[in-house]
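**Q** The listed protein sequences derive, respectively, from chains C and E.
Sequence positions in the first sequence follow our numbering and run 1 to 296.
Sequence positions in the second sequence follow our numbering and run 1 to 472.
Incorrect hints may have been included.
Unchecked claim - Listed below are the simulated DMTMM-like cross-link pairs for lysine to aspartate or glutamate, each with C-alpha atoms no more than 20 Å apart in a straight line:
#, chain 1, residue 1, chain 2, residue 2
1, E, Lys456, C, Asp65
2, E, Lys448, C, Glu70
3, E, Lys244, C, Glu238
Simulated from the structure, these hints should not be mistaken for lab results.
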Amino acid sequence: MTAVSPLARREARRFHLFVSPWLIGFVLFSAGPIVAAVVLSFMKWNLLQTPSWIGFGNYARMFNDPEFWESIENTVQYGLGSVALGVTFTFVLALLLNQPLRFQGLFRTVMYLPSVVSGLATALLWINILHPDYGLINKLLASVGIDGPGWLASQEWAIPGLVLMSVWGAGNTIVIYLAGLQGIPKTLYEAAEIDGAGWWRRFWNVTVPMMSPVIFFNVVTGFIAALQSYVLILVMTEGGPGNATMVLGLYIYRQAFVYFDMGYAATLSWAMFVLVIIVTAIQFSLARRWVHYEFK
Amino acid sequence: MEMNRRQMLALAVAAAALSACGDSRQQKQAAAPVKSGAQVIDPNRPSSDDWPFEEAEQLNNSLTWPKTNVPDPASKVVITLAFTTDAVTEVRNAQFDFFFKKRHPNIEIKRESATFDQFLTKYMAQAAGGTLPDVLYNHYSWTQNLIANKVLQPLDDYIAKTPEFDMDDIPQRGLGYFQRDGALYGLPTDMAPKLLFYNKDLFDKAGLDYPDETWTWDKLFETAKKMTNGSGVEKIYGVSPMPKPSPDLSSVYLLPFGGRFLDAAESKVMIAEPAARDVMARWLDLLLKDKATPSLAELQLLEKVDPFKSGHAALFVNGAWVMLELSKQKAFKWGATQVPKGPEGRTTPAVGSALVMAASSQNKGAAWIYMHEYLSASGYKFRRIAAPARQSAWEDTAKALGIPAEEADLVKKIMADYASDDGVLRLPANKKVVDTALPIWERAQLGKISVDDALKEMVDKVTPVLSENKIA
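Whole structure, please, built from the sequences with the hints as guidance.
**A** The following block contains the structure:
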């Protein structure tokens with residue numbers, strides 16, 4: 001057995017001292033509520049009465065709750081739409097911002113700015129942008145002869161409207177893409193050019209494969225964020241019209257903090273957790289087919 | 001002098017400990033202005049452009065403040081008050097507290113404010129933790145749940161000890177929300193009926209007589225169609241808003257035809273039965289066929305501000321409290337009359353919010369003294385709110401707020417004659433009932449489903465919710 005030196009012991013003590021604020025915070029504010037949510041999901045509790053054990057009652061109710069399934073459908077639609085649009089749009093923007101242009105720093109700052117705008121301001125801004133009458137988007141559509149939809153007032157167009165809005169704060173994703181783009185060795189492009197590859201070939205055979213781990217990261221984290229979204233949707237549509245934008249996060253919020261049905265809300269939270277796990281697992285299994293790692 | 005790291009750490013810990021143990025009296029004496037939302041209210045001289053301090057002081061001194069047999073505390077106590085008010089009203093409340101503290105030097109007041117949307121969530125969490133404020137605002141639809149869970153203090157003993165607290169001056173038919181098993185748990189801060197408002201300019205332009213107490217709902221439908229004209233931003237709607245599943249749907253729109261949303265016990269959905277069905281179908285026709293009331297998309301165009309308020313609707317069914325807002329606008333002349341009659345008569349809800357006392361309060365006597373003065377005739381005269389529950393306060397309030405005297409008289413007459421809490425949802429599941437039925441009705445409004453399918457779906461989906469509506 002190797003004896004532990006006094007220096008190593010001192011370092012260990014200091015390590016534990018420095019990580020303890022995070023550990024205490026995690027146990028109190030994350031691990032504690034997670035364990036409480038497991039227990040609560042088997043209980044009926046309206047905050048005012050003593051919680052009562054109902055076994056799998058909340059789970060049975062959830063599987064028979066049409067609004068739950070409707071919210072899952074809306075959540076998946078919103079998640080697919082916002083990730084597909086967000087990942088593509090921000091990748092294109094990152095490619096443009098990676099070009100050696102004058103005022104490159106200014107362009108990058110401007111693109112990042114929306115990420116620091118508060119959520120409520122973003123919601124109010126987009127309510128106006130998506131306004132069926134005077135909104136910017138419908139004005140632009142009208143200028144090319146298209147009669148724009150009712151967006152948030154329409155059952156069919158409310159989710160697409162929210163998807164458009166979701167791209168707004170994508171500055172962080174762009175930063176991650178830019179870092180990835182700048183990490184691609186120039187030698188690869190030079191070699192491709194010597195082989196006679198044009199712009200598209202260089203993009204498709206060098207940039208995309210080299211960026212695939214970054215794209216994969218953004219897809220996974222983007223999905224997780226999209227599946228949990230509800231704050232802006234609460235402000236913008238409150239789940240309407242006709243429950244068209246009732247996503248799972250909003251449904252959980254409503255059960256917990258409007259109806260004070262804490263047990264059922266805890267059950268729904270576990271459903272969200274399972275949904276996130278399933279979607280992430282699918283992405284990891286598909287990743288083998290398209291994500292290229294230079295070093296394995 | 002140089003210190004090593006250990007000495008630095010010891011000094012920092014000692015400084016933190018000393019500051020935590022410091023004398024707080026100095027802070028209390030020189031109370032900093034209280035920041036509330038965007039405004040700062042000076043606790044030593046609360047005032048604003050709307051509520052100048054001098055005017056408040058003069059008014060306070062002119063009023064006679066009532067007495068109670070509940071004694072003032074012998075030593076200092078602190079009571080906590082939780083309200084949901086706008087920034088303008090908050091200044092008036094701060095002025096009330098300022099003068100109240102002068103009358104009752106042993107009662108300190110700690111005031112909390114939360115937005116209406118956040119209020120119930122915040123205080124349900126506090127109720128769960130047993131740390132509710134002593135006195136708190138309560139919407140009429142919340143109170144029964146809190147009573148059933150023994151969160152609230154019955155007020156009857158305190159009222160009995162206060163002969164000057166004139167209960168006859170408060171509309172008795174509007175107290176059902178706050179009563180249970182013969183006890184009263186809340187006292188209304190405001191209470192008013194719904195009325196039929198009309199735009200005099202639009203009626204003059206159309207050459208039609210103004211609505212009056214002879215009107216029936218048939219007459220309203222017929223006139224609404226006639227008054228509808230124009231398109232886009234120039235459009236004039238005959239009537240707004242479109243009825244929707246809400247706590248007072250029955251009392252305004254369905255009871256005059258013998259229909260109901262839920263039965264009186266809130267245990268059965270009745271909206272698909274013929275009397276209610278026919279009313280809902282007529283409104284849907286008015287929306288989809290006659291375009292005489294704003295659609296969901298049009299309401300979004302108007303940013304949820306009712307078109308009546310901008311002069312774009314001829315008729316408007318709403319609470320008497322909007323008279324304050326209407327009185328301030330100069331864009332058009334308006335009038336108000338009783339809601340129309342139906343074959344079964346005329347009905348309107350008496351709705352309002354209340355002040356309640358927490359059963360857990362450690363200072364119930366002081367809390368009552370505050371509630372008593374706040375809700376007394378002098379309290380109403382001082383506060384000048386748009387729809388006072390105390391009927392004797394209407395004249396002074398209306399005069400001070402610019403509400404026409406004849407409209408104030410009309411409200412008093414309705415409150416005395418027939419406004420009541422009958423048909424207004426109040427049991428614990430009422431919010432869930434409304435949230436379940438509303439999206440279905442929205443699909444009907446969008447023309448996605450027929451009125452019969454919508455109402456049948458409402459019955460199917462709301463009925464299971466009612467199993468949660470029982471109070472133990």
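**Q** Each hint: holds or not?
**A** Here is how each hint holds up against the structure:
For a cut-off of 20 Å, the pair hint linking lysine 456(E) to aspartate 65(C) stands: about 18 Å separates their Cα positions. Distance hint between lysine 448(E) and glutamate 70(C) is fulfilled; the C-alpha atoms sit about 17 Å from each other, no more than 20 Å. Restraint check for lysine 244(E) and glutamate 238(C): satisfied, since their Cα atoms lie roughly 16 Å apart, inside the 20 Å limit.
Every hint from the earlier list agrees with this structure, and none is contradicted.
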